[in-house]
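Keeping their order, the protein sequence lines are chains A and B.
This note's numbering applies: residue 30 is where the first sequence begins, and numbers increase by one.
This note's numbering applies: residue 765 is where the second sequence begins, and numbers increase by one.
The hints are simulated quantities; they were obtained by calculation from the structure and are not laboratory data.
One thing to keep in mind: the hints can contain errors.
[Claimed, not checked] In silico BS3-like links for lysine-lysine, alpha-carbon gap of 25 Å or less: (1) 914(B) - 452(A); (2) 1019(B) - 1062(B); (3) 901(B) - 890(B); (4) 505(A) - 876(B); (5) 1062(B) - 55(A); (6) 332(A) - 914(B); (7) 957(B) - 1019(B); (8) 84(A) - 55(A).
For reference, the chains in residue letters:
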Amino acid sequence: MHRHDVVVVGAGLAGQRAALAAIEAKRDVAIVSKLHPLRSHSGAAQGGINAAVGKEDSVDTHIYDTVKGSDYLGDQDAIEFFCREAGPTVIEMEHFGTIFSRAPDGSLARRPFGGAAFPRTIYAADRTGLALLQGLYERLGTESFTMYEEWDLTSVVVREGRCQGIVAFDRRHGEFETIGAKSVVLATGPCGRVYGRTTNSHTSTGDGIAAAYRAGAALKDMEFVQFHPTALLESSILITEGARGEGGLLKNGIGERFMSRYAPHVLELASRDVVSRAIITEVREGRGFPGGYVHLELMHLGKERIESRLQEICDFCRTFAGIDPVTQPIPVMPAQHYMMGGIGTNIRGETNIPGLFAAGEAACVSIHGANRLGGNSLLETLVFGKQAGTAAAEHAEKTVDPQVVAADAEGEAARVGAMASRKDGEEPQHLRIAMQATMDGLVGVFRVPGELTQALGEVRALRGRYGRVRVIDTAKSYNLNLTDALETGNMLELAEVIVAGAIARTESRGAHSRVDFPKRDDANWMKHTIALSGPDGPKLSYAPVAYTRWEPKERVY
Amino acid sequence: MAAASMPAKFEVYRFDPSKDQVPRYDTFTLDLPPHTPVLTALLKIRTENDPSLTLRYSCRSAICGSCAMLINSKSRLACQTQIGPEIAAHGKIVIEPMRSQPVVRDLVVDQKPFWDRYRRIEPHLKLDAREPMPVGKENPMTPEQVERFKETPRCIACGACYSACPAVEADPAFPGPMALAKLYRFVVDPRDKAQKDRLVRIQPDGLWLCLRCHLCTEACPKDVRPSERIRDLKEMAIAAGGLSENGSRHAHAFKENIGEAGVLNEMKLVRQTYGPMDLLKSVPQGIKLARKKPEILKRPHPIEGIDEVKAIYKALDPEAEGK
């Protein structure tokens, strides 16, 4: 049995930043992660990180753009705090060693991004996530803490009304272990892999969100799923919004720059929900290319600019699609990209369970509301990772030792032992693929009531079948088949919450677009969805949105 | 866009140290379009044939560095390697774990040796209290300073270079291509205040153990070109620390020798490379060699085209005239 003051689960940007904050507060800190820190999904972020540091720009404009982008579902007090922290956060990362792209005068370069009034997105070519991850990892490497690497989180221990630690599966040694903690920070990333067509890593399976949900944490706004407009056709590999920020054009099958119909003022640089709907509409109305897609054109930008500012994109296109963006258009379609929802927290990362904190994409503060702006998620990981780490350290300082018992891990071992002892049963990968087909086909950019109901039925049937899931691999060390089973169970629980929330919300707001309720309904729906785990599935309730200065208006781009 | 499928034969290394005495190779034949990434094929095998096949993978877009392995004996990322060209060149696709790291199971290796060597170069900014960072602002950088960051920030720490490197395999003192490319990244960083110290210390700490075979550069999936960064480090290290090591003296003597005669003067090379103690140790080997090849004892005649060699030296380094 292990014990620490603060246990951070997840070693991406939010987790590492939380750990650093707790270490600086002189707590004994451990990080638990199923991936080596540098393999985290944060590293896949391409375009950049927003901070209103330009002379023409202002923090207020960043706040307004974020509020508007959220379709007025973001909490304005949280957004104000978030945008004020942006400048200092980026500077801190530069001081940690992050290698950013530079303007000719040596200052941090900025590029335009969707939904932003000014060029506000600071970047490192088209690998900003990787650059930040390297900078933070190098900084964290100078501190001392305990690392549990390639451990899968399986449950959050809540006893006497507070979080007392976690149970995790040590892949290498094939053992379930209890880790007692006065504070636990979940920074485990999203559950994008509930979809098959997603830009997310294979490992983005929502383990932390699901463990928190099972432990009684409230999930917030899970029906709000962002589809990135430009993913490579077959592989759904992300093509950064930075490609449009640099001047890339979207064209349909008859050569039209079709965004003029949907966002006459800013065209390709409208908010992501708007651009994704536009692409799907073009294809549905027969103006796509045969097979159903549109083109992203960069050719007019010239070889030098494409290859220097979109270096990774060039490689992706050449390797994964066999096309050269310098001379050929890129075939793209929207794909699942980001979960606006997650474990509900306040500005300090606190959840409804004392001692349990969350940050990053696993959490929902909420600053993104119904639709996240590009460049705001990297910033979120760092701003709220630090907040959660600081709050977790403070909580640990005034909390007595955790009460964890060996039985916590034994219970998890028994649950999984049953999966391994079945002579026949359901294979986790088959359930996962079936779930992804349901979510891709029925819970996409446009939501149809009959399809959502069907999806709920299918997901519930899969959850039923999951009761008979079978782990075939019998090896003790590095049993990936067992990890498959754990992840699939987590995702099925979260898919149900996503669909239930989408059925209940009878309006269209941001990324949630109901064909039977095409308008935003502020009178009835300007509220957060709260989901608690119940015996018959998610129990939904609603919570008010925090307002400060910005009255809801119609969103026009 | 759909391309015709082709049969692809995979021979996959399988080993579970807890129950297998020796590794085995399992064969799987799949029908796949030629542009299919190897990773996609391996995941298909896991789903349809054998869920116990064990490998690391995550992003499937060559940015997380998880899926480095040997593909037909080359260290590559599985997500970035397409099956068509492999089948065309080899008739099959042999999949094995990376080299120089112990196998945990199947294609999963223990990367601890790789990370340990990486940490030896102290991979973090070193600051100087006398030169604090600007308050509330970024450190400025000139375009020339930025230009030096062209390759190294692309490193995804996948370990392909480490696996490909014969010096890593031969000598635990060698930090390895990734660690040295990372060292270069800190040495050229204007924010780092330990440039000279890093360069002086890396000379005895393994810099000269690089064999200059460039296999790391061939293996690198992100075009970091570690061997070129190591070459840059060697130049900078000599500039900072002088000819303090056998390795640097050897390089320098080699250059001088060729410049003089266009051919190596072995006796002089040995004298110039080794300090007195090492020179003494090399005597028995020298005697053996002299018995077999007595001509090495003689001073070589300049080669026929020596004027051209001298012209090349002059063109490369005009200021060296008369030195």
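In rising order, the numbers of the hints this structure does not comply with: Hints 1, 5, 7, 8 not satisfied by this model.
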